[in-house]
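Student: Here is what each chain is made of, one letter per residue.
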Amino acid sequence: MSDRAEQEMARWLREATHGLPPEGDILARAELVAHYQDAVEAYRLQGKGPDAAHDAALSDLGEAKTLRRMLRRVHLSAGARLVAGLLETLRMLWRKREIGGTLLFGLFVLGATLVDYTHTVAYSRHLDPVVPVALLIVLIGLITERSLRPWCYAPFGYLLAGVWGWMFLAGPGWLSKLPFWRLAGPLVLPAVVLIGLAILGIRHARRSSKLRISASAWILVGLWLGLGMLEPDFWGRGALGYTGFRTVVGTLVYTLWAASVSLPMVAVGLFGARDGGVAAAMIPLAVQYAGFRYFMMPVHPSHAYASSSPPPLTGLQALLMYLWPVALFVVTPLWVQRARSARGRAAALIVPAGTLIASAVLLGVFGQHSGFEGLAQVAWVKYALSLGQSASLLVLAIVLYRQFEGRDRATVVPPNAIEGLQQFGGA
Amino acid sequence: MNVKGSLPLLILDTLARGASYGYQIAKEIRTRSGEVLAFQEGTLYPMLHKLEKDGLVEAYTATVDGRERRYYRLTEAGSRELTRQRRAWQAYAHAVNAVLGVSS
Chain A
1 MSDRAEQEMA RWLREATHGL PPEGDILARA ELVAHYQDAV EAYRLQGKGP
51 DAAHDAALSD LGEAKTLRRM LRRVHLSAGA RLVAGLLETL RMLWRKREIG
101 GTLLFGLFVL GATLVDYTHT VAYSRHLDPV VPVALLIVLI GLITERSLRP
151 WCYAPFGYLL AGVWGWMFLA GPGWLSKLPF WRLAGPLVLP AVVLIGLAIL
201 GIRHARRSSK LRISASAWIL VGLWLGLGML EPDFWGRGAL GYTGFRTVVG
251 TLVYTLWAAS VSLPMVAVGL FGARDGGVAA AMIPLAVQYA GFRYFMMPVH
301 PSHAYASSSP PPLTGLQALL MYLWPVALFV VTPLWVQRAR SARGRAAALI
351 VPAGTLIASA VLLGVFGQHS GFEGLAQVAW VKYALSLGQS ASLLVLAIVL
401 YRQFEGRDRA TVVPPNAIEG LQQFGGA
Chain B
1 MNVKGSLPLL ILDTLARGAS YGYQIAKEIR TRSGEVLAFQ EGTLYPMLHK
51 LEKDGLVEAY TATVDGRERR YYRLTEAGSR ELTRQRRAWQ AYAHAVNAVL
101 GVSS
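Protein chains in written order, with the numbering used here: chain A, 1 to 427; chain B, 1 to 104.
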């Protein structure tokens with residue numbers, strides 16, 4: 001038997017008998033191996049080559065998953081089957097933790113939002129409950145994997161979205177009084193971020209073309225920055241006078257600064273994409289979500305909320321808020337996992353979030369969306385710009401995913417995979 | 001053609017002709033049906049284990065040509081169950097044929 005055949009059969013056996021009690025496991029393995037050996041022998045006698053005989057014999061045995069379900073029904077009690085099913089789900093989530101981690105985080109965000117829809121926690125000088133959990137997930141990831149693995153990307157994006165705002169908007173009072181932070185801050189941060197990105201970009205450009213970030217991704221980052229600066233408020237008639245001009249220049253710098261606080265998350269997504277594929281796309285999505293939450297409740301996720309006390313959400317607004325984490329962190333990863341084609345994966349990324357963005361705009365038009373300083377009263381141009389900015393992050397997520405599909409852990413056969421087969425002497 | 005629902009009947013019927021083991025049972029069903037009845041052969045084993053648990057077949061180990069195999073044979077209860085299932089199948093086939101206008 002060739003190495004490939006041996007490994008495939010061992011993997012099939014392990015999958016088919018996983019979770020069975022020892023006596024059932026030994027019995028089923030012995031019979032399945034004997035059946036496989038008989039079938040290979042018969043196919044060899046018909047003139048098939050060793051690999052073709054192996055393929056045919058394995059195909060005759062059928063799907064390991066179906067067999068496992070049937071074997072469990074015979075050898076396990078209903079309770080034991082339930083436990084085995086739960087363990088199986090956990091195992092699947094761990095094996096696909098790029099998806100599973102995001103999913104669990106999304107469920108937690110959903111729970112936290114549902115519990116606090118009246119803002120009783122969020123506006124009582126309490127920290128957003130999502131922040132400590134996100135921090136815990138990232139810490140566990142760093143400790144167990146010794147690097148920031150893709151399954152931590154969503155909580156990491158969420159944390160980053162808050163930390164940057166906290167550092168520069170709601171830092172200690174004495175910090176904001178310093179002239180440096182009031183004047184130089186808006187200039188220093190964009191400069192540091194842009195220079196950092198440029199250095200990283202140059203380093204990547206020197207590597208192989210496969211690792212290079214596509215031009216379209218960079219254009220989208222530019223779009224993200226630029227659209228924020230096209231706000232009609234900056235370019236009104238008042239801008240023609242001296243005072244107006246000063247306001248425009250000052251606001252432009254400030255807007256550049258505001259947009260650049262989001263850039264590090266996008267940058268992490270860009271550079272993490274080499275490893276994580278879809279998981280890297282979760283960083284812009286997490287930022288998107290954090291941004292939306294800020295939009296709905298004008299306080300940043302990582303703040304001890306106290307700056308303002310907006311009225312509780314209306315039923316429709318609350319529904320919209322609940323749908324965001326569901327769409328971004330639950331529907332999207334599950335859909336991505338089930339998608340069979342690049343088109344399907346792209347749809348998984350764009351449809352849930354795109355629908356919600358459109359619904360937010362529609363709600364604003366009908367005056368149901370309180371939004372940032374009452375979006376219901378602002379011009380449609382502003383809607384279009386906000387929509388464009390949000391969409392640029394989404395499209396960036398898609399570009400990242402299409403370019404970097406990530407590594408498929410399932411194709412890696414662990415070295416002990418052939419143990420099961422060797423136990424019965426092999427073919 | 002999928003034989004999922006009727007596999008226990010086919011297994012019992014095959015064992016009524018003599019003790020046999022998994023691979024041989026699968027081969028027998030395939031050959032006797034003119035290669036028409038197809039099923040995932042691995043699923044024979046949970047089915048055999050279930051029949052054994054229900055007391056319809058009993059298993060014993062025998063070494064043939066240097067290979068240890070698990071043979072199954074029909075019990076008394078298994079024979080009665082086979083008769084019952086055969087009758088049920090004939091009634092079912094007769095009814096379907098009547099609807100389709102095919103003579104049985």
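Simulated from the structure, these hints should not be mistaken for laboratory data.
Treat the numbers as computed from the prediction; the structure is a model and nothing was measured.
Backbone N, C-alpha and C define an ideal beta-carbon position, used for all residues, glycine too.
Keep in mind that the hints are not guaranteed to be accurate.
[As the list claims (entries may be wrong)] Here are the simulated DSSO-like pairs of lysine-lysine, each with C-alpha atoms no more than 27 Å apart in a straight line:
hint: 1; chain 1: B; residue 1: Lys50; chain 2: B; residue 2: Lys27
hint: 2; chain 1: A; residue 1: Lys65; chain 2: B; residue 2: Lys27
hint: 3; chain 1: A; residue 1: Lys48; chain 2: B; residue 2: Lys27
hint: 4; chain 1: B; residue 1: Lys53; chain 2: B; residue 2: Lys27
[What the hints assert, rightly or not] Computed far set for chain B versus chain A, every beta-carbon distance over 12 Å:
hint: 5; residue: Thr14
hint: 6; residue: Gln24
hint: 7; residue: Ile25
hint: 8; residue: Gly34
hint: 9; residue: Glu41
hint: 10; residue: Pro46
hint: 11; residue: Met47
hint: 12; residue: Arg70
hint: 13; residue: Arg80
hint: 14; residue: Ala91
Student: For each hint, tell me whether it holds in the structure or not.
Tutor: Structure-based check of each hint:
Distance hint between Lys50/B and Lys27/B is fulfilled; the C-alpha atoms sit about 20 Å from each other, no more than 27 Å. As the CA atoms of Lys65/A and Lys27/B are separated by approximately 23 Å, the hinted pair is consistent with the 27 Å bound. Taking the CA atoms of Lys48/A and Lys27/B, the gap is about 18 Å. The hint holds against a cut of 27 Å. Between Lys53/B and Lys27/B the alpha-carbon distance is near 23 Å, which keeps this suggested pair within the 27 Å criterion.
Thr14/B, annotated as away from the interface, keeps every beta carbon of chain A farther than 12 Å; the closest lies near 15 Å. At the 12 Å boundary, the C-beta of Gln24/B falls inside the reach of chain A, the nearest C-beta of that chain being 8 Å off. For Ile25/B, the shortest C-beta to C-beta distance to chain A comes to about 10 Å, within the 12 Å cut-off, and the non-interface label is violated. For Gly34/B, the requirement that its beta carbon stay farther than 12 Å from each beta carbon of chain A is met, with the minimum near 17 Å.
For Glu41/B, the non-interface assignment is contradicted: its Cβ lies about 5 Å from the closest Cβ of chain A, within the 12 Å cut-off. Look at Pro46/B: its CB is around 4 Å from the nearest CB on chain A, not clear of 12 Å, so calling it non-interface is violated. For Met47/B, the requirement that its beta carbon stay farther than 12 Å from each beta carbon of chain A is not met, with the minimum near 7 Å. For Arg70/B, the requirement that its beta carbon stay farther than 12 Å from each beta carbon of chain A is not met, with the minimum near 6 Å.
Distance to chain A confirms Arg80/B as a non-interface residue, since its nearest Cβ pair spans about 22 Å, more than 12 Å. The Cβ of Ala91/B lies farther than 12 Å from every Cβ of chain A, with a closest approach of about 27 Å, so its non-interface assignment holds.
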